[in-house]
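Residue numbers for the sequence shown, in mature numbering (1 follows the signal peptide of the UniProt record, and there is no 0): -20 to -1, 1 to 119.
No lab work stands behind these hints: they were computed from the structure.
Think about it this way: if two alpha-carbon atoms lie no more than 30 angstroms apart in a straight line, the pair counts; the simulated BS3-like pairs of lysine-lysine are:
#1 Lys80 - Lys39
#2 Lys49 - Lys33
#3 Lys107 - Lys49
#4 Lys55 - Lys118
#5 Lys54 - Lys107
Label pairs and their in silico Cβ distance ranges:
#6 Asp78 - Gly109: 26 to 32 angstroms
#7 Gly20 - Gly43: 16 to 22 angstroms
#8 Thr79 - Asn2: 26 to 32 angstroms
#9 Tyr35 - Asp11: 16 to 22 angstroms
#10 Gly83 - Gly109: 28 to 34 angstroms
All values derive from a computational prediction rather than experimental measurement.
Ideal Cβ placement from N, Cα and C applies to all residues, glycine included.
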Amino acid sequence: MFTRVLLLVALLAIATPAAAANVSIVIDISDQHMQVSVGGAPHYSFDVSTGRKGYATPKGSYGVQRMYKEYYSKKYDWSPMPYSIFFRGGYAIHGTYDTKRLGRVASHGCVRLAPENARRLYNLVLKHGSSNVSIRVKG
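I would like the entire structure built from these sequences, with the hints used as guidance.
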């Protein structure tokens, strides 16, 4: 009997997934920086580029709308947007190959990251599930 109870407890532990940690992405336009935390603990800190004059990055709180490992801008000459995480319509967090401009406003409104950092963030969101992610743009 005791062996059966232990076996049942072990099976339930395997079959019951652990609660996914909440992923918080905070983009501060004023200092062109992104903070990422998982379950309230700091996880990543990245320089970003947000919208330049005439192309504001929308402030507010958002969830993940859709994600693409490879994406190309239909609006801006098929520019590559690797590891895109869309949060409001056509606005996304994505990688850029124009890394020399990170830390300064430079985009058409999207939030740009170094490609490796965009990959890290994209994989983190995949790991925890897009429904467990909050994105806040402030500053």
